[in-house]
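Next come the chains, spelled out residue by residue.
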Amino acid sequence: MSETSVVTNESATESTTNNEDAIVSYKNITKSFGDVEVLKGIDLDIKPAEKVALIGPSGSGKTTIIRMLMTLEQPTSGEIIVDGKNLWHMEKNGELVPATEKHLREVRGDIGMVFQHFNLFPHMTILENCMTAPIHVQKEDKASAKKRSIEMLEKVGLGDKLDNYPSQLSGGQKQRVAMARALVMRPKVMLFDEVTSALDPELVGEVLEVIRDIAKEGEMAMVLVTHEMEFALDIADRVIFLDNGVIAEQGPPSKVLENPDNERLQQFLHRFRG
Amino acid sequence: MTPKGQAPSTGGLTLSFNESNKYKGVITISAIADIFPALIQGVEVTLKVLFASIILGYSMAFIAGFCRLSNNIILRSFTGFYVEVFRGTSLIVQLFWLFYALPMLFNFDIGSNFWAGVLAISLNYGAYMSEIVRGSILSVAKGQHEASTALNMTRFQRMRLVILPQAVRMMLPEFGNYLILMLKSTSLVSLIGMHDILYQGDLLRDANLSQAPTVYLLVLVFYFLMALPLIWLTKKMEAFSKKGVATQ
Ligand SMILES: Nc1ncnc2c1ncn2[C@@H]1O[C@H](COP(=O)(O)OP(=O)(O)OP(=O)(O)O)[C@@H](O)[C@H]1O
Ligand SMILES: [Mg+2]
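Residue numbers (my numbering), protein chains in the order written: chain A, 1 to 274; chain B, 275 to 522.
Quick caveat, the hints were computed from the structure, so don't treat them as lab data.
For every residue, glycine included, the Cβ atom is placed at its ideal position computed from N, Cα and C.
Check each hint, because a few of them may be wrong.
[To be verified] Each pair of labels, with its calculated beta carbon distance range:
| hint | chain 1 | residue 1 | chain 2 | residue 2 | range |
| --- | --- | --- | --- | --- | --- |
| 1 | B | Ala501 | A | Glu202 | 44 to 54 Å |
| 2 | B | Phe352 | A | Arg186 | 41 to 51 Å |
| 3 | B | Asn345 | A | Arg186 | 27 to 37 Å |
| 4 | B | Thr428 | A | Lys40 | 50 to 60 Å |
Work the whole structure out from these sequences, hints included.
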């Protein structure tokens with residue numbers, strides 16, 4: 001399984017430098033909750049179609065990093081650029097001012113997210129969960145949104161559950177619906193926040209399988225916060241180790257996960273490998 | 275009712291109970307036949323007050339509930355004041371204010387005792403139920419807001435498509451209970467001269483005091499019969515609301 005994806009990793013080493021062609025750039029991002037500085041200056045470029053795995057100890061700020069890109073959390077300082085557009089600031093009379101809701105909506109349309117706890121809409125069927133946003137947000141016509149949603153649900157193996165409600169599904173099935181719901185919006189960047197950690201162990205496989213399939217298709221960039229090291233090794237172009245609010249080490253998975261320089265990362269991996 | 279083996283003595287007791295009641299007035303079939311048609315006349319008034327109060331009361335609940343969630347501090351405090359005043363004072367006093375006091379003080383007339391009654395009930399119950407509206411909206415899980423933001427919905431779409439449909443499911447069982455309370459409180463309009471069921475009952479009692487037990491028994495039955503469909507509706511709403519809510 002892992003040989004094929006490691007071959008696609010040549011580009012990963014240079015991606016630490018600033019790139020104009022990045023789909024997402026974090027520029028010196030800091031984030032504090034009250035007096036606690038959780039992120040202490042993050043610089044990060046993500047290339048189109050790049051698969052990035054974000055690892056690190058609990059509380060190191062992994063979730064916070066991706067939530068800021070989804071506009072669920074506002075950075076304390078720094079800029080995030082999405083496809084050339086400043087996410088949290090906009091220009092007004094030649095000055096940078098805090099983004100309005102309208103501006104946020106214009107920029108975050110390229111971003112999608114899958115959550116640890118699925119967050120499916122419990123009052124809607126599986127199909128409605130998927131087709132609501134294309135119809136109302138992207139103004140797609142109903143027939144086409146429905147058709148694409150069904151195709152997407154078939155792709156994640158739930159073509160026979162269209163009219164079921166989320167409460168009738170297993171955790172693994174719910175998470176696959178959540179992925180289909182995000183995918184029908186055709187984002188350029190998809191964020192995954194520990195999407196298997198709320199699942200029973202026997203259900204983890206089916207969800208990882210779907211992510212693997214999505215990753216193979218290629219064109220979408222993916223940022224995965226994960227504790228599944230084998231999986232990261234398998235699908236990621238680049239692994240980033242976050243520690244104490246900074247990027248402590250990053251590089252191709254074969255290097256970061258198998259031959260790390262950072263001492264804290266060595267300890268961290270040791271705990272996982274047992 | 276009677277335990278076996280004590281038949282003779284308790285039999286005698288029951289008899290004397292009936293005897294003694296005879297002097298105070300008893301419930302007889304013939305009296306029921308007289309009273310029933312008179313009370314029926316009050317049903318229409320009671321139902322009219324009820325339906326108007328339901329429509330206005332729930333509207334008030336949503337308006338005040340949303341105002342209390344607004345970002346506008348003036349709107350929020352003003353609505354908060356309204357809610358506390360109407361929850362903190364009694365419905366009868368509010369009714370008398372609207373019907374007697376306000377017209378005298380400000381020289382404006384609500385127009386009819388019907389609207390005074392409906393307004394008092396709606397404002398009172400609207401105040402209580404606005405807390406349900408507000409509380410339900412607030413208790414829809416944070417993850418639901420986040421998922422709809424991640425799908426790039428507008429603030430309005432998030433409310434309309436995701437939050438409110440779930441919040442309403444939480445409101446329904448409570449709303450059902452208030453429906454029945456509202457029915458019962460409509461009887462207060464008899465105090466401002468409306469000819470509802472209770473008013474008709476009072477008239478009959480005034481005409482013939484010995485009929486009072488029968489009259490008020492029938493009044494109870496009438497209210498209970500009107501409450502039955504509301505109780506049934508509440509059960510339905512509870513069942514419906516069990517599906518499809520994500521709370522924190
Ligand atoms: N809304 C918040 N208010 C206050 N503190 C917060 C908030 N969100 C996160 N934090 C704190 O910020 C730090 C980083 O949190 P974050 O969730 O990003 O970590 P994480 O790396 O995702 O951890 P985990 O592996 O446990 O999910 C933690 O110490 C957390 O307690
Ligand atoms: Mg996390």
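A quick look at each hint next to the structure:
Judged by the Cβ atoms, the range 44 to 54 Å given for alanine 501 of chain B and glutamate 202 of chain A holds: they are separated by roughly 51 Å. Range check, phenylalanine 352 of chain B to arginine 186 of chain A: Cβ separation about 45 Å, and the 41 to 51 Å hint holds. Taken as a hint, the range 27 to 37 Å holds for the pair asparagine 345 of chain B and arginine 186 of chain A, whose Cβ atoms sit roughly 33 Å apart. The given range of 50 to 60 Å is broken by threonine 428 of chain B and lysine 40 of chain A, whose C-beta atoms sit roughly 34 Å from each other.
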